[in-house]
Amino acid sequence: MAQEEADRRTQAEAEKREQELASMRDQYRIAIAQKVERNWIRPPGVTGATCKVRVKQIPGGDVVSVDASACSGDPSYRKSVEAAVFRAAPLPQPPDPAVFDRDIIFYFEPKQ
Amino acid sequence: MNGLKMSFKKIPLIVCLCLLSHAAQAVLDIEITQGVEGATPIAVVPFGPAGVNLPVDVAEVIATDLRRSGRFAPLKRNDLIARPYEANQVNFKDWRLVKSDNLVIGKVTPFGAGYTVKFYLFDVFRGVQLSAFSLRSDAAHLRRTAHQIADMIYETLTGEPGAFATRIAYITVTDLGAGKRRYSLEVADSDGYGPRPVVQSMQPLLSPSWSPDGTRLAYVSFETKRPRIYVQELHSGKRQLITSFPGINGAPAWSPDGRKMALVLSKDGDPEIYVMDLASKRLRRLTDSLGIDTEPAWSPDGRTIIFTSDRGGTPQIYRMSADGGRAARVTFEGPYNARASFSADGHTIAMVHGENNRYRIAVLDLKTGSLQVLTDGRLDESPSFAPNGRMIIYATEERNRGVLAAVSVDGRVKQRLSAREGDAREPVWAPIRQ
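Chains as they are written, first to last, in this note's numbering: chain A, 1 to 112; chain B, 113 to 546.
Source of the hints: derived by calculation from the structure; they are not laboratory data. Do not take every clue at face value.
Claimed, not checked - Cross-link-like lysine-lysine pairs, in silico, DSBU-like; alpha carbons within 30 Å at most:
id, chain 1, residue 1, chain 2, residue 2
1, A, K111, B, K526
2, B, K479, A, K111
3, B, K205, B, K188
4, B, K292, A, K35
5, A, K111, B, K292
6, B, K292, A, K56
7, A, K52, B, K211
8, B, K350, B, K292
9, A, K35, B, K188
10, A, K35, B, K211
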């Protein structure tokens, strides 16, 4: 009985921790998105272009590499997307080290 | 053999699964949907070494060109935190700190009777050199060299050709007093510097038009007190009379292949559009309406002519086949649209758009039909596209004086061009030099 109770408690705590992590992960995502959006200067007159950008960061938020090769749109658009990530560095700190990720994929899809 | 094949098949599958689970766990996917439309910051450092006395501030010319395009925002001189002029003097950290995406440095070295101008373009965030070139120049051509460098930077960063090392033609009118005026057809650099008169007259000069190869100008001259159309070679100054019919001889416009000229004649009554075959001088009448038809302009493919007509009551833009036929109305917004010209890709026309007694420059997207007013003057006139379609030059008023200005095609950046005395009007942008 006692063992079952303890197991159930551990299980509940684990679930709670999982939920906390998920919510912190969302917070972290939003913080990064906002910082990159503030730093994104889009070239005038370009609409409808999208980019998938692979980014590597290190703890502390410094950006080590940005790969924007998967990009529709002209070279100036691709450059603006790369620059947005570099300018936003250091990226925001995670609310908990457990939600830190070295690899980030940004999907740049401007909405008017 | 068979067994070997089997095991080869299995291995990639296992690898794939590993990668998938890794991706699902350890990649943060983030969607970015908002950004500010704007010009890209760039640092253009004064060309070194300091102390070399140059007739032209090369970096300033480059920065002004880039700013005028509306696509770049050069840093102010005071915000330049270092003054490198050699590649090994560049510390990218400095420039990341001021958030400049790109960096231009350069060096001018005396060479013979002139100079060698070397420049480098860097991607600041990646810390890499994007391009570097050495150009020979001399005091008389240093501005032109600076424009060429601006073109190379523009093309490297945007993927489109620049149009800074091009020329413009326009008319100036100088009041000499006692009721006398001097008219001058001039050619200058695209920023208005270095004006040189092509022809001068005490009677009106009007409507300059470039030959597509940029070697000749057509224009209207009243030097015989009556309008006549001439074509003048820029290099030799040699000129040829094209038309001298009774009545109006006006608004010449060269066809893109250089063989024909659209023009306006009133020899048969009203002002109508004609096309002349320049080799045979044979004329073909294009329009036949009760109103005034004027200001013809060719589409880049040479198939269509747009023009201004008041056949519907007020001046509006119409289009028709360059071989003749029916004309269709193009503009419907506002009581006055005139003096249209095509962008190089043929998708857009620029025009003078008049409403509430204000005349401003507007662009019409021919596909979507949307009209965008770009300028905010009272009497803006004569829009002409840059050969790369990114800027429009026009004439405007400043303290009761006609001056030239350029506006980016999105309307965000306007810049006055340098001008000397007199009224400047009717600017036309030359094609890119062959």
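So, going through the hints one by one against the coordinates:
1. A:K111 to B:K526: OK: K111 (chain A) and K526 (chain B) at ~27 Å, within 30 Å.
2. B:K479 to A:K111: holds (22 Å)
3. B:K205 to B:K188: Given pair K205 (chain B), K188 (chain B) holds - Cα atoms ~18 Å apart, limit 30 Å.
4. B:K292 to A:K35: violated (64 Å)
5. A:K111 to B:K292: violated (59 Å)
6. B:K292 to A:K56: violated (72 Å)
7. A:K52 to B:K211: Between K52 (chain A) and K211 (chain B) the Cα gap is close to 23 Å, so the pair holds against 30 Å.
8. B:K350 to B:K292: With Cα atoms ~27 Å apart, K350 (chain B) and K292 (chain B) stay inside 30 Å; holds.
9. A:K35 to B:K188: Distance ~25 Å between K35 (chain A) and K188 (chain B) Cα, so the pair holds.
10. A:K35 to B:K211: holds (14 Å)
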